Every structure is written in C-alpha cells, then in structure tokens.
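Novice: Both chains are given apart, each in its own frame, so use the hints to dock them into the complex.
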Amino acid sequence: MMSSVPATDKKSKLLVYTIEECPACGQKNKRAFQVGDYITKEAGKCAKCGNTMRISLVYAEPAAKNQVSTTSAPPS
Amino acid sequence: MSTVSSLPLQLGSDVNTLLYMASLGFFVVYGLYATRIQVYFALNDIGRGLTKLKVMKDKARKEAIEYLQNVGKSVGDPTQRVDQFLDYVTIMPVDMDPQGLVGKVDHVVTTSNDRVRAEVGALITQNSPVTVSISENLLEVATSLNQIHKVVRHYYLLGKKTNSYFTLVQLQMLMPMIIQEADALLNAVDSFKVGQPVGDGVGPVVVSRLMVGKEKRVVAKDTVMATTEYKGRKLHVLKAEGPMAYVGQPGVAIKKIIDEMGVKPSAIIMIDAALKLEGEKTGEIAEGVGAAIGGIGVEKFQIEEEATKNKIPLYAILVKQSILEAITVMRKEIAEASDKVVQVLNRVIEEKTKEGDDVLVAGIGNTLGVAQ
Chain A
265 MMSSVPATDK
275 KSKLLVYTIE
285 ECPACGQKNK
295 RAFQVGDYIT
305 KEAGKCAKCG
315 NTMRISLVYA
325 EPAAKNQVST
335 TSAPPS
Chain B
64 MSTVSSLPLQ
74 LGSDVNTLLY
84 MASLGFFVVY
94 GLYATRIQVY
104 FALNDIGRGL
114 TKLKVMKDKA
124 RKEAIEYLQN
134 VGKSVGDPTQ
144 RVDQFLDYVT
154 IMPVDMDPQG
164 LVGKVDHVVT
174 TSNDRVRAEV
184 GALITQNSPV
194 TVSISENLLE
204 VATSLNQIHK
214 VVRHYYLLGK
224 KTNSYFTLVQ
234 LQMLMPMIIQ
244 EADALLNAVD
254 SFKVGQPVGD
264 GVGPVVVSRL
274 MVGKEKRVVA
284 KDTVMATTEY
294 KGRKLHVLKA
304 EGPMAYVGQP
314 GVAIKKIIDE
324 MGVKPSAIIM
334 IDAALKLEGE
344 KTGEIAEGVG
354 AAIGGIGVEK
364 FQIEEEATKN
374 KIPLYAILVK
384 QSILEAITVM
394 RKEIAEASDK
404 VVQVLNRVIE
414 EKTKEGDDVL
424 VAGIGNTLGV
434 AQ
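Note that the protein sequences, when read in sequence, are chains A and B. Per my numbering, residue 265 is the first one in the first sequence, and the count goes up by one each step. Per my numbering, residue 64 is the first one in the second sequence, and the count goes up by one each step.
Derived from the structure by calculation, the hints contain no laboratory data. Bear in mind that the values here come from a model prediction, so they are computed numbers and not experimental data. For glycine and all other residues, C-beta sits at the position ideal for the given N, C-alpha and C. Please note: incorrect hints may appear among the correct ones.
[To be verified] Heads up, simulated DSS-like pairs for lysine-lysine below, C-alpha to C-alpha not over 25 Å straight-line:
1. B:K363 / B:K415
2. A:K305 / B:K395
3. A:K294 / B:K403
4. B:K256 / A:K305
5. B:K277 / A:K305
6. A:K305 / B:K284
7. B:K339 / B:K363
8. A:K277 / B:K339
9. B:K122 / A:K277
10. A:K277 / B:K117
11. B:K125 / A:K277
12. A:K277 / B:K395
13. A:K292 / B:K403
14. B:K279 / A:K305
[Claimed, not checked] The calculated label-pair distances, taken between Cβ atoms and stated as ranges, are:
15. B:K374 / A:N315: 40 to 46 Å
16. B:G184 / A:K309: 35 to 41 Å
17. B:V152 / A:G314: 54 to 60 Å
18. B:V214 / A:N315: 51 to 57 Å
19. A:T316 / B:V118: 42 to 48 Å
20. B:S175 / A:T316: 38 to 44 Å
21. B:T291 / A:G314: 25 to 31 Å
22. A:T316 / B:E244: 39 to 45 Å
23. A:K312 / B:E399: 19 to 25 Å
24. A:T316 / B:E399: 22 to 28 Å
25. B:E244 / A:A327: 22 to 28 Å
26. B:Q406 / A:A296: 26 to 32 Å
27. B:R111 / A:N315: 52 to 58 Å
Chain B with its partners taken away, still in its complex shape (with noise of 0.2 Å):
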C-alpha cells in the first residue's frame, strides 16, 4: 500500500530528473557546438543577401544592355562586350613611395575613363554626348553591383569552406549596409536611363542659373566656365558640361583659371552635395571651409594645393543627402534648398570678399539633366 501511494511521487521524480538531465545535455551540446549553430544561421543570412545581391547585378547588367539595343542603337548584340567591361578593373599604382601618387593615380583614372568612352562610343551607332555619357553611367552601375557581389559570394564561400566562424559574422554584421548600398545603386539605373537630375547635381543647379544667357568656354575635359558679375564682384563659374552626366575636372579647371588665365580669385566657393548623418534632415544646408568635394582625391588635392598656392581661402556650402538621395532623382527637398544656396552664397560673397573681387565658384557633381 505504502509503494502505491508513493507512486506518484516517484513518477514525478523521475520527470524532473529527467527534464533537468536533458537541460544538462542541451548547455553541454550548446557549449560545444554554439559556433557551429551560428555558422548555420549566418551562412542563411548571408545566403539571403547573396540572391538579392545576385538579383539586383542581374538587373543593371540587363538595364544596360537593353539602354544601349534600344537607346544607343547598339551595332548587333552588346551582351558579350558588356560582359567582358563587367570584369574590367582599373589597377591603382603603387603606393610604397608616396612622392606623385596623386599625378599618377589621376593618369591611371584619366586613361581608365577615356578607354571607357571611347568603347562605349564604338559600341553605339546613336553617339550623342548624353546617350554616351548615360552609358557610361549605367556601364559603371553595373559593374559596381557586380563587383560587391563577387566579393561577397568571395567571402561567404571561404567562410563556408573554412567553417570560419569570425570571417561570416562579420560578413553578416555588414550585410545590412552593402544591401543599402547596392539598392542604391539599383535605384540610380532607373533616373540614369531617362536623364533625370539626381541629388547630386544640386551644386551644378544653383551654378546653372548663374550661367545662363552668359557665353560659355570649355576650361577643362567635360567642364565648362562663364563669367557673371554680383554687387560689383567678377564672378567665374564653373560646372561640369551638361545635361550630361559628367562630373568634370573642377581641379583642372581651377588650376587653369588661376594659373594660365591670370584670374586672381579673392575667394574660391565650392557648392556640392554631402552624405547626411542619419537623423539630419534631407536638404539641410551647412556652410564650411575647404574644398568641398568627393571622389577618389586628385580632384580635392589639385584644389587644395591651387588654393594654398595662392593663399585664395576656400569656401564650402553643402546639401545635405543620404547616399540612396544623391544617386537617384533629386528630391524635392534638395530641389528646394538650392534657392536656399543661391541666398547662403550671395551672403558669403558679401561677407568675404569685396567689390572689385574676383570669385571663383564651383558647382560640384554629377550634372545629368543640368545644362548651363
């Protein structure tokens, strides 16, 4: 009677002992194997991001070779050339001894960018500038989302053979970025194809409305100047040649202006667009000195060393954008502020310099859809 009326109990023991053996057995497989755990789920997240990024490089290539059969009036088929300038690369030189990087990383580019032109010219039958340029553009698109996706499928591969588990975290920590990036470079295809402003074009805008109605004279490859005056002031303006989608020489220009031309510039202006901090607001406008552009540097260090040079104070105005804003069409947030910037510039002008001054100002970007 006793070992019946226990009974019970005794079954009741049995599951805790039998729940808490099994938790023991879970810590100790979890401790063992956590890494492995981990490795699975991340190789499945990066897997993700992988077919998207495939997705999307697919989609430029695609967008590319449609713009130029149809648009650029392609001589047969372009899939096979645009396949091959996908994997083109431009070999940056060697960086040991520091003495004239810049002059020579400005030949390698110059060369890299002029070989591009000159294939996608030869490539099409209808080669107006604007057509041309914009392939370029979409050529250039493609071949960044096909380069992130290389690389990525690069790593998650040697993580996955590896079984590197430190290799595909960090893989996957920065997969949330490079999938923003490349969206972004997605979203630009559709504004690139019909020629559209993009917001990186807003210090080419303002720089345009003063060139209008004024004579206009090439000062560097794909850039052009004119001469305005402003409450006494000789203002010389300088953008890059549109509506294609040129950024120009600004660095090239300048140095000419100043150098060969004889302008003595009181004050170089610099107006360009800048990558936001994540909670600034699209199309905010700050005001700073140095010279205010991106790119891979030659272009900044021509300036800067024009500049100091001649000790002309360098003047900076920028519109702020995210990166998704300053590739696709322009906002009209950004479109707006650029009646902003006219005021902004017109008060640094007054501020700075005085009548009888010359002035040189710069609109930097990309200036598709922006004339002169």
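If we strip away everything but chain A, and leave its shape as in the complex, we get (with noise of 0.2 Å):
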C-alpha cells in the first residue's frame, strides 16, 4: 500500500528582497531583505535625483535566478 503521508518536500530556497522606488523619478534599487523593513517605509537618497526614496515592495523569489543586490532602471 502506498503511504499517503507526503514525503518531506523539497523546497527550493527562497531570498526575500525589499524593492525602493523614487516617488519622484520612479528609479528603483533592489536590495536583500533586512529586518525592520516595511512597506511604505523610507530608504536611502536616490542616486539619480537625490530624492528620498520608499520602499515600495518586499517579496520572494527562488535563490538561484537571482543576485543579492541589483539596481534596475524605472520602467518606461
């Protein structure tokens, strides 16, 4: 009979990110998750306009498609 308790999944690893966005130029940087970080929260100075940025999400994704820190351009 076979069992029908699942056998231990085989989870994939997950890096959590924080995403900050430049309310003003819209410029994003996405760093690696630190406690304390929450949405709507205020980051750094924008390296492009000197704005202060917020972070605008936090979220997963699998480890190995990923670096730990990148900055991207703002979405056209």
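Specialist: Below, the structure is given as structure tokens:
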C-alpha cells in the first residue's frame, strides 16, 4: 500500500528582496531584505535625483535566478 | 519401471496442487483478514503523519517561546504561560436560534482577541505594537498546530482502540491535506518572526499606495482610512493598520464611514487575496461582485448588510494564491500583481462611477510589513 503521507518537500530556497522606489523619478533599487523593512518606509537617497526613496515592495523569489543586490532602471 | 518413469510427472502434479492449495488459502485468509491488514497499513501511515505533526507543533511552540524571550524580552520564562495558551479555547455561541447569531459571534471573537492581546502585552516588556502583533500571530500558529495534532491523535487512537476500519481509512485519506496545511502554518512562522509581508497582504499593499502622504485616521479597531482623489472621484481608502500583523475590522469601519461620517459611496471596491484552485496561476487577477473577505463571516455579514441597506454595489478584485503563499512571505508574482490590481482598480472606478462620486476602497488582509 502506498503511503498517503507526503514525504518532506524539496522546497526551493527563497530569497527575500526589498524594492526601494523614488517617488519623484521612479528609480528602483533592489536589495536583500533587512529586519525592520516594511512597505512605505523611507529608504535612502535616490542615486539619480537625490530625493528620499520609499520601500514599495518586499517579495521572495527562488534563489538560483537572482543576485543579492541589483539596481534597475525605472520602467518606461 | 513404469512407476519410476511417471515419478517426475507425479512430483510436478503435487507441486501444482500445493501451489493451488496455498493460493486458495491466501484468498481465504485475505478474505477474512483484509480489513485487519488494511487497518495495519493505515495505522502505520497515520502514525508517520502524526509524528510529523508533533515535530511541527513542537517547533512552532519553541519558536513562539524564543520570540517572546529574545525579541519580546519576556518577564521570566514564558514556557508555562505559552503552554496554557496553546489550550486556550473560544466557545462559539449556540446556533439553535440563529437570530442575532452574527452579533454574538462577533462579541465572543472580539473578547477572545482582546484577551489574547492583553495577555501577550503583559507577558513581554518590549511591547511595541509590531512585537505584540507578531507574538499574537506566532501564538495563534502554535495553537492551530497544537489543535490539529490533538484532533488527528484523537481519531488515530479512537480508530486503533475500536479497530474501526472506516475511521482510520477516512483519516488516512485526509492526512496529505492536513500535513499540507500544517506545513503552510509552520512556514508562516519564518515570515512572521521578521515582519515580512505575506501573500494575504496584497490588498493592503495596493491600498497603502493610495494612502502614502495622506492624513490617516483610525476608524475602527486596528483599521485606518484616508481620503484621496482619482479623476474627479473622492476615494475613501481603508486598510488594517500596518506594519503590524493586523487584519482590522473593515466591516465596522465601512459601517462607520457610511452611517456616522455621512459618506454616501457609489461603489464599494474590495481588494483581497483569494485561494486559487489547482491549475490556476499564482498572481492571476479575478474580478467580480460581492464582499471579498474571508474569516469566520462576521465582517462579510456586516459589509453585505451595510451595502444592501444603502443599495451600494460591491465590487471585488481578487489575487489568486495558494494557502501556503497566502500565509508565507509574499511571492514575486503576487507582489507584481499589485501593479496590475491598481490598473484594474482605476478601470473599475472609471467604469462604475462618475465624476463627483464618492468611492470606498478597502484593502483586505493581514497587513504585516505593510504600513500606510
């Protein structure tokens, strides 16, 4: 008889990232999540225009596909 | 000579007869003891699952105690208090006479929540709202896992004691789903401990964007609202107060906004996470009508009643996800869906209301890690 209890899942490791966004110019910065981060929290200065950035998203994605910290241009 | 030559044939015939007799014997034995054999396998199977559940509930309990000690800076050792807390029960009101039942359920649940918060607050010295709310959630997870383990163990022992084939087989069939749910709960602990937004928080994420920089006011317990504008419409947006792990009281808040604050919205738009069916993609957006809110039904009842009384259409925007994704750290697909939800929200506002109208937008869900 086959077991109906699932074996331990082979979970893919997830990395959690924080996305900071400049409300003025839309510049985005992706970095590793730090304890204390929350959405709408003020972040550092925008490298492009010097305005104060805000955390716009915190999310997890599988580890293999990503680098720990990247900076991306704002969406057109 | 003839006897000797026929010996192999005679021997072969005996082996066949023996095999035939053995197979007949096997069928007779199996026919008589089939259920006992299956009970044996079912007991083994459930026993393995039960061990897994025990490991999970012990881990959740340990994590809760460690959080209370290390982050909450509890007064003394909280172990004994946590153990008492795990057996804490909320007795639902009698439903023989259903009139006024929702009010009674609301009263009992509110009393229970208030008591839990007060006790957690008294247990820890580092009682910032975020730490208290996370402690509450961790204890809730530990309590749920403890309850699941107890119920499964009860039916396992009952089935074993009474040799009840049907009790054990039913439990055996349910075990994969029970383990899956328990696993999801245990995974939630990691997100809660560090205050990461969970998949269920996608509604609050969308609404928080409309609230940033606006004046906020508390309209119900743990629930805040703000007023903003979109293409000539006045938007009254509300969500639970973040970044605490709250779900708020959107039902009470909507009632207050309409009845006490005198707002007459042309539409109530609710944004929430919805459990996907197997085969559906995470982050898919569905639109519909009706009150998009889960829970035990009190908030849903209040919102439906208020909308019906005032003839206000209810619109729903849902983001699909699994139970595991809903209570663990928000996946990229769900986070990215929040941008699309804003577009859908704008379109619904434009299509269903006109300039000068008031619109109520509610972001429903656990607002851990999502401020406003």
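Novice: Quick check on a hinted range of 40 to 46 Å for B:K374 and A:N315, using CB atoms only.
Specialist: holds (45 Å)
Novice: Verify the proposed pairing of A:K277 with B:K395, using a straight-line Cα cut of 25 Å.
Specialist: holds (14 Å)
Novice: Given the proposed pairing of B:K122 with A:K277, does the C-alpha separation stay at or below 25 Å?
Specialist: holds (19 Å)
Novice: Would the hint linking B:K363 and B:K415 be met if the CA-CA limit is 25 Å?
Specialist: holds (22 Å)
Novice: If you check the beta carbons of B:G184 and A:K309, does the distance land in 35 to 41 Å?
Specialist: holds (37 Å)
Novice: Given the hint that B:K277 pairs with A:K305, test it: the Cα-Cα distance must not exceed 25 Å.
Specialist: holds (14 Å)
Novice: For the range 51 to 57 Å, tell me whether the beta carbons of B:V214 and A:N315 fit it or not.
Specialist: holds (54 Å)
Novice: With the threshold set at 25 Å, check whether the alpha-carbon distance from B:K125 to A:K277 stays at or below it.
Specialist: holds (23 Å)
Novice: When you take the CB atoms of B:Q406 and A:A296, is the distance between them in 26 to 32 Å?
Specialist: For A:A296 against B:Q406, whose Cβ atoms are near 29 Å apart, the range 26 to 32 Å holds.
Novice: Do the Cβ positions of B:E244 and A:A327 conform to the proposed distance bound of 22 to 28 Å?
Specialist: Hint holds: Cβ distance 25 Å, inside 22 to 28 Å.
Novice: Given the range 19 to 25 Å, decide if the beta-carbon distance of A:K312 to B:E399 lies inside it.
Specialist: holds (22 Å)
Novice: Are A:K305 and B:K284 close enough, with their CA atoms no more than 25 Å apart?
Specialist: holds (23 Å)
Hint violations for this structure: none, all hints satisfied.
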